[in-house]
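Take the given structure of chain A and dock chain B to it, following the hints.
First to last, the sequence lines map onto chains A and B.
Residue numbers in the first sequence follow this note's numbering, run continuously in steps of one, and reach 221 at the last position.
Residue numbers in the second sequence follow this note's numbering, run continuously in steps of one, and reach 221 at the last position.
If you're looking for bench data, these hints aren't it; they were derived computationally from the structure.
Ideal Cβ placement from N, Cα and C applies to all residues, glycine included.
Treat the hints with caution; some may be incorrect.
[Unchecked claim] Chain B side only, calculated, beta carbon under 8 Å to chain A, not exhaustive: (1) Pro54; (2) Leu94; (3) Val111; (4) Pro161; (5) Asp180.
[Unchecked claim] Counterexamples of contact, computed for chain B against chain A with all Cβ distances above 12 Å: (6) Asp21; (7) Ala27; (8) Pro32; (9) Arg59; (10) Val60; (11) Gln63; (12) Glu124; (13) Phe211.
There are 2 protein chains.
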Amino acid sequence: MASETPRSLQSDRTTLRRKPDRGAYDAATIHPILDEALLCHLGFAVEGQPYVIPTIHARVGDQLYVHGAVANRMLRVIAGGAPCCVTVTLLDGLVLARSAFHHSMNFRSVVVLGTASEVIETAEKEAAFEAIVEKVVRGRSAECRPASDVELRTTKVLRLPLAEASAKVRTGPPIDEEEDYGLPWWAGVIPLRLVPGEPQVDDRTPSGKTFPHDVGSARFR
Amino acid sequence: MASETPRSLQSDRTTLRRKPDRGAYDAATIHPILDEALLCHLGFAVEGQPYVIPTIHARVGDQLYVHGAVANRMLRVIAGGAPCCVTVTLLDGLVLARSAFHHSMNFRSVVVLGTASEVIETAEKEAAFEAIVEKVVRGRSAECRPASDVELRTTKVLRLPLAEASAKVRTGPPIDEEEDYGLPWWAGVIPLRLVPGEPQVDDRTPSGKTFPHDVGSARFR
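The following block holds chain A by itself, in its conformation from the complex (with noise of 0.2 Å):
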């Protein structure tokens, strides 16, 4: 069901009241911050304690995965039924101001509410641990050894509709108050960005076998 009309994945509970012009709600904004970001923390509570952990998430659509053991607590739990939240965070730069108080920094975040259910058809597992996998390094799927029977039998994976949800940006200089520019502080932005480095070899691969990708490329930012 294709369409043009963008869709909003606003809802009252996603809705930003402080700096509203910081917050998006549709998926052309959205999505790609849940792609380009690494890692998730995902919050659920247990007898009204929150826990916040990280884990790696992956995007099929309008569908959000995340994976681990089955005896995994936090797993067990959302798989079950309770409200969870899958948030990430891109961090681009450090603000500077010429106040302490309006220091600041550049990010975009997203932030999804929802309901997540156990992945129990084969296919769509498969399909999961290949969006986690390609998530990492682009083209991997095909130059490993795909999950076996008993790895995807002890493995659980979990499915979160990306259907409530916001984007939140803040980008650009710092903003000091007027009568502050006057002031003889340097005032800018140090920009930030996960680099990664050369890659390190495991000693058992064969000699002479080279990473077959760029690191440098856009995957990894």
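Just chain B now, with coordinates in the frame of chain A:
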């Protein structure tokens, strides 16, 4: 009360059940991870729905501070005594195994559980502000205008004791199934680092003024 005995932040709730060898509960492991992370993900729940929000934190001794506008809902909820969870994650590398299943990431993460309370005393509030600014760029608090009385009043600072926490750390090469080491695929680690770029001076900074710090310093990593 200085003590030579390493204090443990372990509790039943912070004990790692899976891969327990990756867990640590001592301040000597936990504090440097909190200090290096430029942002945390703060989890809280409202009517059973968990929310996970990125924000900056700073540690002073055994206390973790977060701050925000007085109208900020997250701070209002957790200052009201709701249990919260602060998680930081440093991504150190992509771990590429010979099997899709054993792909992993090298990382250092910390999960802190507890209940926060609002900082009322001005001196502690100012110290928390300073710690937050110094965390981003060491020396910066002396190179900008300090918070005014109004700015202090309109900012809420919360203190979370570092009493119940865990660290989780993965390092090293992929660990494959013994029978997979003969496979022809490249395997190893792609290190990842958060790297500062060239400072982008604000248009209204006096011309000729350069950023007075080494952006390549350890502060950013």
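Structure-based check of each hint:
no.: 1; hint: Pro54; result: 4 Å, holds
no.: 2; hint: Leu94; result: 5 Å, holds
no.: 3; hint: Val111; result: 7 Å, holds
no.: 4; hint: Pro161; result: 15 Å, violated
no.: 5; hint: Asp180; result: 6 Å, holds
no.: 6; hint: Asp21; result: 15 Å, holds
no.: 7; hint: Ala27; result: 20 Å, holds
no.: 8; hint: Pro32; result: 17 Å, holds
no.: 9; hint: Arg59; result: 17 Å, holds
no.: 10; hint: Val60; result: 16 Å, holds
no.: 11; hint: Gln63; result: 19 Å, holds
no.: 12; hint: Glu124; result: 16 Å, holds
no.: 13; hint: Phe211; result: 5 Å, violated
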